[in-house]
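There are 2 protein chains.
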Amino acid sequence: MAFNGADALTRVLIDNGIDTCFSNPGTTEMHLVAALTRDAGIANHLCLFEGVATGAADGYARMTGRPAATLLHLGPGLANGLANLHNARKAATPVLNIVGEHAQAHIAHDAPLTADIEGLARPVSKAVATLRMTGEIAQATRSMLSEIQSGEKGVGTLIVPNDVAWADAVPGNLPPVEPPQPAAPDPVAIDAAAEALKAPGALLILGSPHITRRMQELVFAIATATGARLMGEAATARLSRGGGLPLLPRIPFQIDMALDALKDTSTAVLAGARAPVAFFAYPERPSELLPTDCRRVTLCPPQGAVEAALEALADRLGVSLGPLEAPELPALPEGTITPEALGAAVANALPEGAIVADESVTNGAALQPACAAAPAHDWINNRGGSIGYSLPLALGCAAACPDRPVFAIVGDGSASYTLQALWTMARAGMNVTVIVLSNRRYRILTNEMSKIGAGTPDENSDPLMSLDNPPIDWTDLARGFGVPGERAETAEALHTAILAALAAPGPHLIEAIM
Amino acid sequence: MAFNGADALTRVLIDNGIDTCFSNPGTTEMHLVAALTRDAGIANHLCLFEGVATGAADGYARMTGRPAATLLHLGPGLANGLANLHNARKAATPVLNIVGEHAQAHIAHDAPLTADIEGLARPVSKAVATLRMTGEIAQATRSMLSEIQSGEKGVGTLIVPNDVAWADAVPGNLPPVEPPQPAAPDPVAIDAAAEALKAPGALLILGSPHITRRMQELVFAIATATGARLMGEAATARLSRGGGLPLLPRIPFQIDMALDALKDTSTAVLAGARAPVAFFAYPERPSELLPTDCRRVTLCPPQGAVEAALEALADRLGVSLGPLEAPELPALPEGTITPEALGAAVANALPEGAIVADESVTNGAALQPACAAAPAHDWINNRGGSIGYSLPLALGCAAACPDRPVFAIVGDGSASYTLQALWTMARAGMNVTVIVLSNRRYRILTNEMSKIGAGTPDENSDPLMSLDNPPIDWTDLARGFGVPGERAETAEALHTAILAALAAPGPHLIEAIM
Numbered sequence: 001m002a003f004n005g006a007d008a009l010t011r012v013l014i015d016n017g018i019d020t021c022f023s024n025p026g027t028t029e030m031h032l033v034a035a036l037t038r039d040a041g042i043a044n045h046l047c048l049f050e051g052v053a054t055g056a057a058d059g060y061a062r063m064t065g066r067p068a069a070t071l072l073h074l075g076p077g078l079a080n081g082l083a084n085l086h087n088a089r090k091a092a093t094p095v096l097n098i099v100g101e102h103a104q105a106h107i108a109h110d111a112p113l114t115a116d117i118e119g120l121a122r123p124v125s126k127a128v129a130t131l132r133m134t135g136e137i138a139q140a141t142r143s144m145l146s147e148i149q150s151g152e153k154g155v156g157t158l159i160v161p162n163d164v165a166w167a168d169a170v171p172g173n174l175p176p177v178e179p180p181q182p183a184a185p186d187p188v189a190i191d192a193a194a195e196a197l198k199a200p201g202a203l204l205i206l207g208s209p210h211i212t213r214r215m216q217e218l219v220f221a222i223a224t225a226t227g228a229r230l231m232g233e234a235a236t237a238r239l240s241r242g243g244g245l246p247l248l249p250r251i252p253f254q255i256d257m258a259l260d261a262l263k264d265t266s267t268a269v270l271a272g273a274r275a276p277v278a279f280f281a282y283p284e285r286p287s288e289l290l291p292t293d294c295r296r297v298t299l300c301p302p303q304g305a306v307e308a309a310l311e312a313l314a315d316r317l318g319v320s321l322g323p324l325e326a327p328e329l330p331a332l333p334e335g336t337i338t339p340e341a342l343g344a345a346v347a348n349a350l351p352e353g354a355i356v357a358d359e360s361v362t363n364g365a366a367l368q369p370a371c372a373a374a375p376a377h378d379w380i381n382n383r384g385g386s387i388g389y390s391l392p393l394a395l396g397c398a399a400a401c402p403d404r405p406v407f408a409i410v411g412d413g414s415a416s417y418t419l420q421a422l423w424t425m426a427r428a429g430m431n432v433t434v435i436v437l438s439n440r441r442y443r444i445l446t447n448e449m450s451k452i453g454a455g456t457p458d459e460n461s462d463p464l465m466s467l468d469n470p471p472i473d474w475t476d477l478a479r480g481f482g483v484p485g486e487r488a489e490t491a492e493a494l495h496t497a498i499l500a501a502l503a504a505p506g507p508h509l510i511e512a513i514m
Numbered sequence: 001m002a003f004n005g006a007d008a009l010t011r012v013l014i015d016n017g018i019d020t021c022f023s024n025p026g027t028t029e030m031h032l033v034a035a036l037t038r039d040a041g042i043a044n045h046l047c048l049f050e051g052v053a054t055g056a057a058d059g060y061a062r063m064t065g066r067p068a069a070t071l072l073h074l075g076p077g078l079a080n081g082l083a084n085l086h087n088a089r090k091a092a093t094p095v096l097n098i099v100g101e102h103a104q105a106h107i108a109h110d111a112p113l114t115a116d117i118e119g120l121a122r123p124v125s126k127a128v129a130t131l132r133m134t135g136e137i138a139q140a141t142r143s144m145l146s147e148i149q150s151g152e153k154g155v156g157t158l159i160v161p162n163d164v165a166w167a168d169a170v171p172g173n174l175p176p177v178e179p180p181q182p183a184a185p186d187p188v189a190i191d192a193a194a195e196a197l198k199a200p201g202a203l204l205i206l207g208s209p210h211i212t213r214r215m216q217e218l219v220f221a222i223a224t225a226t227g228a229r230l231m232g233e234a235a236t237a238r239l240s241r242g243g244g245l246p247l248l249p250r251i252p253f254q255i256d257m258a259l260d261a262l263k264d265t266s267t268a269v270l271a272g273a274r275a276p277v278a279f280f281a282y283p284e285r286p287s288e289l290l291p292t293d294c295r296r297v298t299l300c301p302p303q304g305a306v307e308a309a310l311e312a313l314a315d316r317l318g319v320s321l322g323p324l325e326a327p328e329l330p331a332l333p334e335g336t337i338t339p340e341a342l343g344a345a346v347a348n349a350l351p352e353g354a355i356v357a358d359e360s361v362t363n364g365a366a367l368q369p370a371c372a373a374a375p376a377h378d379w380i381n382n383r384g385g386s387i388g389y390s391l392p393l394a395l396g397c398a399a400a401c402p403d404r405p406v407f408a409i410v411g412d413g414s415a416s417y418t419l420q421a422l423w424t425m426a427r428a429g430m431n432v433t434v435i436v437l438s439n440r441r442y443r444i445l446t447n448e449m450s451k452i453g454a455g456t457p458d459e460n461s462d463p464l465m466s467l468d469n470p471p472i473d474w475t476d477l478a479r480g481f482g483v484p485g486e487r488a489e490t491a492e493a494l495h496t497a498i499l500a501a502l503a504a505p506g507p508h509l510i511e512a513i514m
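Read top to bottom, the protein sequences are chains A and B. With the UniProt record's numbering, the residue at position 402 of the first sequence is 402, and numbering never jumps. With the UniProt record's numbering, the residue at position 240 of the second sequence is 240, and numbering never jumps.
There may be inaccurate statements among the hints.
Since the list can't tell identical chains apart, any single copy or any two copies may satisfy a pair.
Unchecked claim - Below, computed lysine to any residue pairings styled on SDA-like, alpha-carbon distance capped at 25 Å:
#1 K263 x I107
#2 K263 x A108
#3 K263 x T64
#4 K451 x H210
#5 K451 x A105
Honestly, the hints are just simulated from the structure, not real lab data.
Construct the complete structure from the given sequences, taking the supplied hints into account.
Right under this line is the structure:
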């Protein structure tokens, strides 16, 4: 077959190191399917729902630093992927969506699947482009790859009309994109931060799309040297931790706990972090969590060279990195699976190199703290708040890091959104351990209802927050998608089940009855 | 608690006969949950995924003619519901989305869940509005209810900031909406249609959001009297049929079959139908399915008074309605579940008053024709082409018509999109029989790839169309969501399983191995 537009697009992807595509194609993407699968250089993962594909692309890029592609079918296919693209956008993850469109002459006829694809893409995308002719494929794709990997990274949506995909084309042969490096640290900002951290009531807030171990070694030393307090943002796209690093405390999700934790802050130094804001607005509570008279000093913006800025700050302060006090593993838990027991069971089983996609919601309070004592691992948080992210994210992390054990720890409400991810994990034999926290309730709503001043759940409203009628059987759901499932009713059983899952290849699901 | 904005909105819904809400709420919707559940006049159905809620609202309105509400959580919640709202839009179904938004002062702080909700809503909505103060709730909601039920009906998205929901309010006390009746038939159009139908090669194409039995009695008589051919649109939002009515032939989905079926048409008379267009564009094939020199005569637009126009046309032609020849039931099928056997098994089991949400895709060729011989029933087609519609639609139909048996007949690829609908069916004990057509393949892509000129599936591309590794076990998935499941490997077993499902209350799932 002649070299066509789909081939030309694929060539640009390969030239730019895009080696993975998460797909749910349709008729309008068949030329793209042919081109993307013809070359052995691209791994193609079929997903049964588009929200799985977009979340997986997010996870892939969080672990590799490079975008993966998604292949989506027209406007409705993109629409199904939007919620996890929202999460990717808020995490500043680069993702390249390739969305098929009807042949251009067909669009005006308003066929059943015709939709405003650009309009659907815009709210979640940093860049949106519709290809009009094969001659612009190379430049347009390259520009988009550049844009989504520059400054604050983001989502790019490339819309490919079918006639552009099927028309004869010639290869573009442009050089690969070289995303610009973040600007060098600003000496004025370094000086200001160094000064600010010495003030009584100073707080250093660390954030970044990827908080590295080195960043933490630096901030722990800086905090010790200056006497400043230290906190991480409420959610981090990727946090490398464990293996002897102390726990990086987080700004709490819960509004009153967050206000209390920050109330004595006179000066906040922002290292790759934004000034913290409330997750939701509550009556009689502020949106900004720092006190109104708190001074804000930006060491480095989120898209800056955070690690280099911290190196310069440590240097400026004459800080030397000393030994750090490693946290202690909690004892092996027994009995009921409380949030504390969950944390202890996971922390005692987490192996070196693990990746944890954390969507533990109301049962997660003790999870991240307990796991600080585990061997070195990566922790993934949701920065966009749209639930149903962790199963797809875990899939993408496993595709990115096939030799590392991956965990998704997820509330039962959240897991119900994108459970189709289990099938793709099973298909590829990915080493993912899914722990579903089964409390048979949207517990967060029960907690939030009174906080937001809407009364307390009663016999009328409770049915919109409870998941116990009928109870969802997660072992059945897992088996349906080809994943072995087990139920754990005690903390001992949970710990044992995690070890068993790690010992056997392929994905496993554990339903932890909370 | 004081009467607040959420109460004021709920009052408008009740005053306008909105009695059903399909919900997946979050923190920003808690005041709406309290208000919507406080009054016993609104049935609230919790859905585990927003695409279930929006598809259910579509199904509800197709059967009742009245909109249901959805309650969705912020931009990402709406995003998850967009694909089925696309289908509702294409079916001209009135749906009212109520979407929570952050308190207005909070939006500028760009919290995790902040998103461009209006931007997300616009591509699928006929009307979008964001409430700014409690004083405008009654008028804005009433206007939206009017707009989505006037002319070509559609989707309305009402965005409710949390501070508008929680602020003190007074009831609006506006009179209920009275949607305008469609314009009376146009005598000039009646005359033109009557004349056109007498031409050799004339074709009457029938369409409407609801093709009633009366419309079919009229068009069969008109076709007989004039000698014109008769076809229905490729997909109908709701078609009342069976019980002695002859089969209304449909314009085929498959491009070459459609072109062949229409090639001798000299004059097309459009009764509530649009001039047919190809589902997709194909190389060397036209987008418009009627011959270029075919004359198009509009008897009545889709949003018009189709039945009245047909009455007037029959009158103008002096047609009298005679007895119609009832189709014959196919014999009870045996052996392998072929598409023909599927049709025969369902047709022989379909009870009086059944509602069938048809998403049978490539296995459905014989299904609708065979069921023409069944007792009177309603048939639901997808007019938007976004798959994952039939399980939510069936849920909505069951909520609308609790005393009627509802079927969802759905390919395994399509069923994987919104399988969470099973849980809500189980919770409410709805009488839905789900038949999953398990061919373990996106068969339509295998068929379409060569038609669209992208080659044939080979060892590289086939993994993006095949669902056999691992095989999905639909009985496990059903059980996981609390629905009894059974596998049928022969046509006899399928027929028996359908009868058993109908004999027992509550939902059932049958996995038909094709």
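Hint-by-hint comparison with the structure:
| no. | hint | verdict |
| --- | --- | --- |
| 1 | K263 x I107 | between (56 Å within a copy, 23 Å between copies) |
| 2 | K263 x A108 | between (58 Å within a copy, 22 Å between copies) |
| 3 | K263 x T64 | neither (37 Å within a copy, 55 Å between copies) |
| 4 | K451 x H210 | neither (32 Å within a copy, 46 Å between copies) |
| 5 | K451 x A105 | between (54 Å within a copy, 18 Å between copies) |
Taken one by one, the earlier hints fail for this structure at numbers 3, 4, listed in ascending order.
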